[in-house]
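Construct the entire structure; sequences and hints are all you get.
Number of protein chains: 2
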Amino acid sequence: MRHLDLLARLARPADTKIVLLVLDGVGDLATAAQPETALEAARTPNLDALAARASLGRIVPVAAGVTPGSGPGHLALFGYDPAAAENDIGRGVLEALGLGIPLGPDDVTARGNFATAGADGKLTDRRAGRIPTEECQRICARLNQALADFAGARVEVVPGEAHRFVLVLRGAGLSAAVDDTDPQALGVPPLPPRATAPAGETTAAIVARAVVVMERAIAAEPKANRVLLRGFSKLPHLRSMAELYRLRLGAFAGYPLYRGVASACGMEVVPCGKRIGEILETVAARWSDFDFFFLHVKQTDQAGEDGNLAAKVAAIEEVDAALPRLLALAPDVLAVTGDHSTPAPMKAHSFHPVPVLVASPVAFADRAERFDERAAIAGHLGTFPSRELLGLLLAHAGRLEKYGA
Amino acid sequence: MRHLDLLARLARPADTKIVLLVLDGVGDLATAAQPETALEAARTPNLDALAARASLGRIVPVAAGVTPGSGPGHLALFGYDPAAAENDIGRGVLEALGLGIPLGPDDVTARGNFATAGADGKLTDRRAGRIPTEECQRICARLNQALADFAGARVEVVPGEAHRFVLVLRGAGLSAAVDDTDPQALGVPPLPPRATAPAGETTAAIVARAVVVMERAIAAEPKANRVLLRGFSKLPHLRSMAELYRLRLGAFAGYPLYRGVASACGMEVVPCGKRIGEILETVAARWSDFDFFFLHVKQTDQAGEDGNLAAKVAAIEEVDAALPRLLALAPDVLAVTGDHSTPAPMKAHSFHPVPVLVASPVAFADRAERFDERAAIAGHLGTFPSRELLGLLLAHAGRLEKYGA
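Respectively, the protein sequence lines represent chains A and B.
All residue numbers for the first sequence refer to this note's numbering, where the first residue is -9 and numbers rise by one.
All residue numbers for the second sequence refer to this note's numbering, where the first residue is -9 and numbers rise by one.
The hints are simulated quantities; they were obtained by calculation from the structure and are not laboratory data.
Ideal Cβ positions, reconstructed from N, Cα and C, are used throughout, including at glycine.
Watch out, some of these pointers could steer you wrong.
To be verified - List time: in silico BS3-like cross-link candidates among lysine-lysine, alpha-carbon distance up to 25 Å:
hint : chain 1 : residue 1 : chain 2 : residue 2
1    : B       : Lys288    : B       : Lys7
2    : A       : Lys224    : A       : Lys7
3    : B       : Lys337    : A       : Lys337
4    : B       : Lys264    : A       : Lys224
5    : B       : Lys213    : B       : Lys288
6    : A       : Lys337    : B       : Lys213
7    : B       : Lys7      : B       : Lys392
8    : A       : Lys288    : A       : Lys213
9    : B       : Lys112    : B       : Lys224
10   : A       : Lys264    : A       : Lys288
11   : B       : Lys392    : A       : Lys288
12   : A       : Lys264    : A       : Lys337
Unchecked claim - Pairwise CB distance ranges, derived in the manner of DEER restraints:
hint : chain 1 : residue 1 : chain 2 : residue 2 : range
13   : A       : Leu0      : B       : Glu233    : 18 to 28 Å
14   : A       : Ala75     : B       : Ala338    : 35 to 45 Å
15   : B       : Leu317    : A       : Pro173    : 32 to 42 Å
16   : B       : Arg2      : A       : Ala75     : 15 to 25 Å
17   : B       : Glu233    : A       : His(-7)   : 50 to 60 Å
Stated by the list, open to error - Here are a few chain B residues that face chain A, going by a calculated C-beta distance under 8 Å:
hint : residue
18   : Met(-9)
19   : His(-7)
20   : Leu0
21   : Pro3
22   : Leu40
23   : Arg128
24   : Trp277
25   : Glu378
26   : Leu384
27   : Leu390
28   : Tyr393
29   : Gly394
30   : Ala395
Structure, rendered in structure tokens:
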């Protein structure tokens, strides 16, 4: 039996609350040039106190050596096998869900960038100078006007942040088998949308016509005069965590992508701010409404991507300072971890295991002095696939029946 | 998705070099009678310095409790599941590849020993007094003359070292379903070649006739008057590492068996000497030709098989002394490990996990004081299946794309 099916079979309701606090990309590296990881360098009295009575360990998001994107990293934290084809969430779907766009099973979405090309059609800026969000909204409104009479499918664009938008196609017989039009390079024109399989040919032709309509409507824009599309995808049929585990799940994430994944897994997305303080305020207000709280802090990952150890340390210390407010809610199980490592020296997601801490009255007390990568190696939880964490959280919350007599 | 398929999907070219230095059988035991393992007893200042900035861990070649042969041990190091039926390399094929014999998909090979039997046909020496290699070559030449007119298949023998040779059968409809003729005991005659399945009956009959021809030709030899055959096998269809991972791979091994496995996995076998100094000389000369260098040192295993801890320590110290020459080539990733443990107290391969060290600019620095079995337990890499090492090496070399958005 697959792990997820086993857990679903054993899941039972209980009067316990689980908090999964994800510090995006929190895992870090110790190297000759950076002798301390962000967790090692941070002053974290509250996490340290928690570590003394919690179990520590490390999670491997996808597989040894594999660097996960945010989608697979979170799917694994939510108990799904991120390497299974049926759990593949495309970039377009992630972005669409994150923007709160309702998607049906037949709808096709793509992530869009506004871009700048010269008179020769060659790209000079793949992000249109990162135009302000308000500008993006204005341009998207104009595109939707231009697309109002479009034939063959209902086509809509939804503005995201800065130069980003989502393209949604609705209609019968649409396929996601369409290749990116973003050439991922400057000095060349955008690519034509090509079918990646025969089933995608009709949709590719529709997209090609839609791109013509859109680019005609923005031809006079100084910066955002072209559109680049990638990650054509449909909603995967993820089994709902609410049904699988008999939980009421709330997602408290300030950024679209994470709200998107949580929603696709059966969580209720609760609007909230982007910093831990704002997030905890919203959590406290909705404490009675859920059994499972997914809290997402983005700043650790952003700092890691910037190669800014000091900012990553500050983000961790901000969480540590807010921790007493979370503990005051008295969750039965509190897990602190990341969806992947984003080591500052690498300025990118990485494949390294991620430290995890699980506090609960039935957690083995590791008596670690710190919550960091080195302490995690020796922890009671060991090193295990991220997708097994959810079962451990349910177990620590008394939400799994005994298996067999 | 299987691990190997996932890695193949993510593999990308890069301008980085990976060295996998295999100290055959390096893993050892600490017991009451042998308080220090070979790695613990050896004076290894260079490996120790490397350990301080590298990640340590332990690999399990096949499965918990399973003692691997050299074939499975190396297949696992190269990323294949050694327990999967499709990855089974027979002894005959291993030896044939190691001798550089070109094998087609229909050819059947067996490992041969010259042996001595008395007038009563009973074996008195299963290795014919370990006759010199030149003697073996002379006898094989005579056998090939005798087999020149053989009907039913083209049959050839190729001399190996000392009393060893390889039998190759070429022709249509041949099967490897033939049992060993080596009784693995003295005082009994060689076994007749028997089919292990109906498909092998024709081939078994051909082998029986060939053995008669061969033994008639050497009947007057004082020592090598019989032949013992084992490991009838065909080339397995291993997917090429070169294609899977987009690497140029060079194998630098002084002994046939290891060259054979490497060749079957898609590596170019580079002729080289048997000791680390000679191997490194060849590696340096071919440094620009490959991305992945498999270096094989046999002496550690030989000493372990002999139960000679001092010799095993000396072999390790010889590698340590040569290490600066390898480091001077500045590989981006350097892994040091073994294909299995060959503890001196056991005088044989064993099932114990094998310490592994991975050095790279993105390796988590464990700050270990030594590279040995005890330090490896606490290392960042943890304990994992040998077949996952290759993915970690690719990851440390920046040769894997991110998985998902």
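Among the hints numbered above, which are violated by the structure, and what are their numbers in rising order?
Those not satisfied are hints 2, 3, 4, 5, 6, 8, 9, 13, 17, 21, 22, 23 and 24.
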